[in-house]
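Please take these sequences and the hints and turn them into a complete structure.
Quick note, the sequences are listed as chains A and B, same order.
So for the first sequence, this note's numbering puts the first residue at 1; every next one is plus one.
So for the second sequence, this note's numbering puts the first residue at 1; every next one is plus one.
Take these hints with a grain of salt, some might be off.
Same chains, same label: a pair holds when it works inside one copy or across any pair of copies.
What the hints assert, rightly or not - Below, a list of computed lysine-lysine pairs in the BS3-like style, where the Cα atoms sit at most 30 Å apart:
1) Lys-124 to Lys-256
2) Lys-60 to Lys-256
3) Lys-24 to Lys-211
4) Lys-145 to Lys-211
5) Lys-251 to Lys-168
6) Lys-243 to Lys-124
7) Lys-168 to Lys-124
8) Lys-225 to Lys-251
9) Lys-356 to Lys-251
10) Lys-145 to Lys-24
If you're looking for bench data, these hints aren't it; they were derived computationally from the structure.
Number of protein chains: 2
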Amino acid sequence: MEGDSTLQLRVFDLNCWAIRYLSKRRQERMRLIGDVLLQECFDLILLQEVWSEQDYSDLKVKLGGCYPFSHYFRSGVIGSGLCVFSRFTILDTLLYQYSLNGYPYMLQHGDWFCGKSVGLVIVKISGIIFNVYVTHLHAEYCREKDAYLPHRLVQAWELAQFIRHTSKAADVVLLGGDLNMHPDDVGIRLLRGWTGLQDAFAEAKHFEGCKDGCTLIPNNCFTIKTELLPFPLGIRIDYILYKAISSFMVKCEELKTTTGSAPGRDIPFSDHEAVMATLHIRRQREAASATLSTAEPALVDVVTEARTEVGVGLRAAQRQRYSTGRLAVLALLLLLLQAVAVLGTLAGLGGQPFPKLSFSLLAFLAVAILLLATGLHLFHTIEVKMLQGTEEQMRMALRVLQEQP
Amino acid sequence: MEGDSTLQLRVFDLNCWAIRYLSKRRQERMRLIGDVLLQECFDLILLQEVWSEQDYSDLKVKLGGCYPFSHYFRSGVIGSGLCVFSRFTILDTLLYQYSLNGYPYMLQHGDWFCGKSVGLVIVKISGIIFNVYVTHLHAEYCREKDAYLPHRLVQAWELAQFIRHTSKAADVVLLGGDLNMHPDDVGIRLLRGWTGLQDAFAEAKHFEGCKDGCTLIPNNCFTIKTELLPFPLGIRIDYILYKAISSFMVKCEELKTTTGSAPGRDIPFSDHEAVMATLHIRRQREAASATLSTAEPALVDVVTEARTEVGVGLRAAQRQRYSTGRLAVLALLLLLLQAVAVLGTLAGLGGQPFPKLSFSLLAFLAVAILLLATGLHLFHTIEVKMLQGTEEQMRMALRVLQEQP
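Dropping the structure here:
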């Protein structure tokens, strides 16, 4: 980009809901997504929940002409589900897997198996370095009693820290993804305050799409209507956020969302709506300030609020660690007791021998409980450590914020 | 730092071997380490294997006067073992946990439980921004048949990538730690080539300590002599590496190692020798080149060599994934067979009923194998994904290297 000219960048973001065997009409929808991306020719495409590597490969083949560069981020058992397609060369990539991501035994929620992460791709367009982040945070299954809030806050914090530490040489930072947080939630305020990212929806000159920019709406045939009952318009949990560092300025010219069914079709792309932003980037005379954009006293409140929630999670994790540890010890004691009884019988000390079947069953049960409880105890020990680590980091952030003149 | 003045920085690095209940004379040695750190008053202290948070807290209290700033990195079941003490304010921290770190079932090696990571602390000294990294990579238990080489290479790659992506705004990068690699190993060449870090031992104007800078020596009463038989002088696996970015220049004035027993005592600090570097940092007129320091054709060879080793690990992981998957399926089939037999007996189809005890034992055995094999299958699935991801990243790096003019 030379002189005062403006670079226009069109960004597409979608949680594709493409879970093999589970998501309805997956292949049809993935074809539809590919068709639209080919027609529209965006500059950058940020996708989540592409769990099947085959789906990614099919897209890669289909989109190769228009988007010759792409990256699929691998992590966890199923994968991260994250991928990026780009019209411009991807110079480098990095993946950061969040340290906490739900519980392996919550099989019905399954987040743990996905290895939720943030992926970074670095792209240079017209001489401007873009750090493009794509992510997907832990889902919220019950807003009233959100057991995953501390984990999601740890993720939001790690996301903010990862962006801050890796974007120092970037001219423009873009983040797209399903953050699973409403616009006023503490996690979003923390992320935005701590990174200085701006919300494309709030900043857009022109907006077209679902009311309030919602991306999970009752009007989409794949959404679960009961979950949206408290929100008749739907909720906004998918975002495109951005900021300019150094001497650039970014403006959101236009923001669009899909509104249920895909244009000219009877089905939507996904259970989420796509978010499409048109950004204008131009060099400005005076370098933008590199400091945090949010007023710092407000930021102190947000970090304090987040830290309190992490503390609540920490105490719950400590309780779980204690009770699973106690269960493991009890199972071990039972096993030892049985061993003593067997030895006693063998030495001819006891009366009648025990009924073999129920004795063996009891021993097996004790072993099973011992193994399970030990595994859970180790898991909750890790959870406690990571929550403590985040709390400690937030404490340090507060100190730095408060010490600033 | 004003004008042409030189900043002198003294850095201390040690793998403390402080494992509760396992490391010999741990408390005595930790006290000794604390005493020496107090006496000598370094600027930065990078410690590994401080597995007990109590040991860290004791050090923090003891060193508080001389080193008012410190950070302990929490991760994994036991912790990361990493901590940093500093005479200067720590502005920010970040932890990156390596995606692969051995196997949970290799209990005798235990690396998996440590959550091996790289910790970053950012320190500003005389106006110069230092990105200080401390890390500890997976141990090498058998050099001839090193089953952990692919995992250690993934770690070396992730370490290099993490440093590259997070150090772009730093003036000086420092890395200290137990890398568990000999100076000519492919992992060290990869790390140094891909980040441009220089080896303080190789660059030091003056050196004092163990021959060849070894840090694991037969002359230390805690080392296992049989392991060092092929290396009569010992091996060098603990490093201080550095580089200057932007317009600074770093020189290593002096490098020292301890040589077995601590000065005036009958025991060493640890089973490793400490590494102590005196660095001189000065502003230079012309900005240092930000490009990779190693000649790129050589770097292409190193990345290719590392990628080949990761490929070997990938194929081994794929075999493990397959065999554990097959075992799980066999256990499931056995359970189904038993269920059919029970149903047959209940329906009066079979002849004599099975002996209850052995039948139940067999069922429990099948369940145990099913659970274990499924767990291992999931684990090796993650391993395959991460090895594939690293191979893919290395492929991209090779493409970028080869495309450069």
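Each hint tested on the structure:
no.	hint	result
1	Lys-124 to Lys-256	within (25 Å within a copy, 44 Å between copies)
2	Lys-60 to Lys-256	within (24 Å within a copy, 53 Å between copies)
3	Lys-24 to Lys-211	within (26 Å within a copy, 66 Å between copies)
4	Lys-145 to Lys-211	within (27 Å within a copy, 62 Å between copies)
5	Lys-251 to Lys-168	both (20 Å within a copy, 25 Å between copies)
6	Lys-243 to Lys-124	both (16 Å within a copy, 25 Å between copies)
7	Lys-168 to Lys-124	both (15 Å within a copy, 16 Å between copies)
8	Lys-225 to Lys-251	neither (35 Å within a copy, 65 Å between copies)
9	Lys-356 to Lys-251	neither (76 Å within a copy, 74 Å between copies)
10	Lys-145 to Lys-24	within (28 Å within a copy, 48 Å between copies)
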